[in-house]
Amino acid sequence: MKDTRTVGEILSSQGISRRGFLKFCAATASMMAMPPSMVPAVAQALSNARRPSVIWLSFQECTGCTESLTRSHSPTLEGLLFDSISLDYHHTLQVAAGSAAEEAREHAMQENDGSYLVVVDGSIPLGNPGYSTIAGISNVDMLKETAAGAAAIVAVGTCAAFGGIPHANPNPTGAVAVSDIIKDKPIINVSGCPPIPIVITGVLAHYLTFGKVPELDDLGRPTAFFGQTIHDRCYRRPFYDKGLFAETFDDEGAQQGWCLYKLGCKGPVTYNACAVSKWNSGTSFPIQSGHGCFGCSEPDFWDSGGFYRPLSATTADVGTLAGVAALAGAAAGAAIGRMNRSHRARAQARHEKLTIDDIEES
Amino acid sequence: MSTPDGLHDIAIETHSDAGAYPATGNDLPILHEIRHALQRLAQSGEKTVIDLQAIPMAPGEEERILQLLGRGEVSATIDALGPSEVRETAFAGVWTVYHRNTNNEVVGKFIEITHCPDLLHSQPEDIATGMAQIRETLAELESKQSGDQA
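Those protein sequences? They're chains H and C, same order as listed.
So the first sequence is numbered by the working numbering: it starts at 57 and just counts up by one.
So the second sequence is numbered by the working numbering: it starts at 574 and just counts up by one.
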């Protein structure tokens, strides 16, 4: 039977005090990148929100996105959020399989027609339907059928958002993103390989709280999390501005924590929240651990010309540009960004492969 | 040949330490933000909350900010969905609030500039629940008492 209780009623029935609820709202508002002054509004809206039905579809994926969420650092918070939604279908997590599982999906679709959320992880193969099927149903058919009655779709992970690794050259399965197939529904792209768990739950929390899709960027990503580049929020940014770069992974610059731009960091062209949200209970993120950003939340990151190749390797001397950057700030940054994009486009066209020489050269 | 019985027996030369990490320089601006907020609190009673998770921090910077803020006279622990630590800093009216989940992992960290953080107050909804519970307890006791007398 359909559960019509509000989120506040569900949490209250679990013996959660108002203090506990306010704490939950404070952490939720923080995770949604909202100012703390919004906590009372979040508490009010969340108290009265109805429990939405969620159907989670996993296509050509590695389960990393689900792992990211279910192994995230705040199980209580995620647990509360999951208790606040009705996860009616997730074939990786659910016990039922085959026709019984499909019945659950169809039942949820009928009962919540027009109001349920669809979460998709994984890309969809168009080359041959046999590349990926669930209960004998091709991914593309299942997506179209399930999306038809959905209120909105959340494409979780770079595979669902942009095609991801299955879409990388030579794309043997003809993998595409959700947005390449579904054109008549709001789609929220939560990219990342995997996405930051609190970004996934933050989007669900936003929908729960306000009952609508958050503000999105030109690639369909929520601006609350993808509004700034990794570079913009990186604590190593002052070294970039001063033109101080690590040249190898073990030189003095690396030991002093200087900028990793010359070691191939894609932070300047990558929009994500890693530098602020961080990973593993807020412990660190790749750059803090001494490795450049891969750019995994951007389209075609796998074909960007080598993880260890500087963005401007073939077009300009980074030291010179950084010197200019120190003087001209944003203008020089924009110049590097333009060169990065053109370099990346050429690299993708040539489908360059990373070699040990690339690493040594950079 | 002897076998190393711990990490200390393996010869590792450490070249960098926490002091070698670069700083964002965010600590001083945050202190200025707190100063402005404290002024607003004193003049008009306006409260301010700063979300520390929204600010890029280099390793060790948050600890430095907390060290600069120091410890004041009041500290409290709230046990709701995991522990929350509320502490007044050495600057009266400036509080740190750290929320942890049931696994003791930090899920929220804030600096609150206020007379007393809201979470420390008993909440109206919980007071209403408490009233219902105390009425129920009294009714049970009175019913038991009248049963004993009969």
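Hint data in this document are derived by calculation from the structure and do not stem from the laboratory.
By construction, the Cβ of each residue, glycine as well, lies at the ideal position given by its N, Cα and C atoms.
Hints should not be assumed to be uniformly reliable.
Unchecked claim - Pulled a few chain H residues facing chain C out of the computed Cβ check, cut under 10 Å:
no. : residue
1   : Ala85
2   : Ala89
3   : Ser93
4   : Val95
5   : Gln150
6   : Asp288
7   : Tyr327
8   : Ala331
9   : Ser340
What the hints assert, rightly or not - Derived DEER-like restraints, expressed as beta-carbon distance ranges:
no. : chain 1 : residue 1 : chain 2 : residue 2 : range
10  : C       : Leu693    : H       : Ala156    : 48 to 58 Å
11  : H       : Glu65     : C       : Asp721    : 30 to 40 Å
12  : H       : Glu308    : C       : Pro632    : 45 to 55 Å
13  : H       : Thr126    : C       : Ile700    : 33 to 43 Å
14  : H       : Glu65     : C       : Ala712    : 20 to 30 Å
15  : C       : Thr650    : H       : Ser337    : 18 to 28 Å
16  : C       : Pro656    : H       : Thr339    : 51 to 61 Å
17  : H       : Arg106    : C       : Asp699    : 21 to 31 Å
18  : C       : Asp699    : H       : Ser340    : 31 to 41 Å
19  : C       : Leu641    : H       : Thr126    : 31 to 41 Å
20  : H       : Glu65     : C       : Leu714    : 28 to 38 Å
21  : C       : Gln718    : H       : Thr148    : 49 to 59 Å
Said to hold, decoys possible - From the derived model, a few chain H residues whose C-beta atoms are all more than 10 Å from chain C:
no. : residue
22  : Ile66
23  : Phe80
24  : Ala101
25  : Thr119
26  : Ser155
27  : His163
28  : Glu167
29  : Lys200
30  : Ala224
31  : Asn225
32  : Gly283
33  : Phe350
Going down the list of hints, with the structure as the test:
| no. | hint | verdict |
| --- | --- | --- |
| 1 | Ala85 | holds, 8 Å |
| 2 | Ala89 | holds, 7 Å |
| 3 | Ser93 | holds, 7 Å |
| 4 | Val95 | holds, 8 Å |
| 5 | Gln150 | violated, 25 Å |
| 6 | Asp288 | holds, 9 Å |
| 7 | Tyr327 | violated, 15 Å |
| 8 | Ala331 | holds, 6 Å |
| 9 | Ser340 | holds, 8 Å |
| 10 | Leu693(C) / Ala156(H): 48 to 58 Å | holds, 50 Å |
| 11 | Glu65(H) / Asp721(C): 30 to 40 Å | holds, 38 Å |
| 12 | Glu308(H) / Pro632(C): 45 to 55 Å | violated, 18 Å |
| 13 | Thr126(H) / Ile700(C): 33 to 43 Å | holds, 37 Å |
| 14 | Glu65(H) / Ala712(C): 20 to 30 Å | holds, 25 Å |
| 15 | Thr650(C) / Ser337(H): 18 to 28 Å | holds, 20 Å |
| 16 | Pro656(C) / Thr339(H): 51 to 61 Å | violated, 19 Å |
| 17 | Arg106(H) / Asp699(C): 21 to 31 Å | holds, 24 Å |
| 18 | Asp699(C) / Ser340(H): 31 to 41 Å | holds, 37 Å |
| 19 | Leu641(C) / Thr126(H): 31 to 41 Å | holds, 38 Å |
| 20 | Glu65(H) / Leu714(C): 28 to 38 Å | holds, 30 Å |
| 21 | Gln718(C) / Thr148(H): 49 to 59 Å | holds, 57 Å |
| 22 | Ile66 | holds, 14 Å |
| 23 | Phe80 | violated, 6 Å |
| 24 | Ala101 | holds, 16 Å |
| 25 | Thr119 | holds, 22 Å |
| 26 | Ser155 | holds, 38 Å |
| 27 | His163 | holds, 32 Å |
| 28 | Glu167 | holds, 31 Å |
| 29 | Lys200 | holds, 38 Å |
| 30 | Ala224 | holds, 31 Å |
| 31 | Asn225 | holds, 34 Å |
| 32 | Gly283 | holds, 12 Å |
| 33 | Phe350 | holds, 19 Å |
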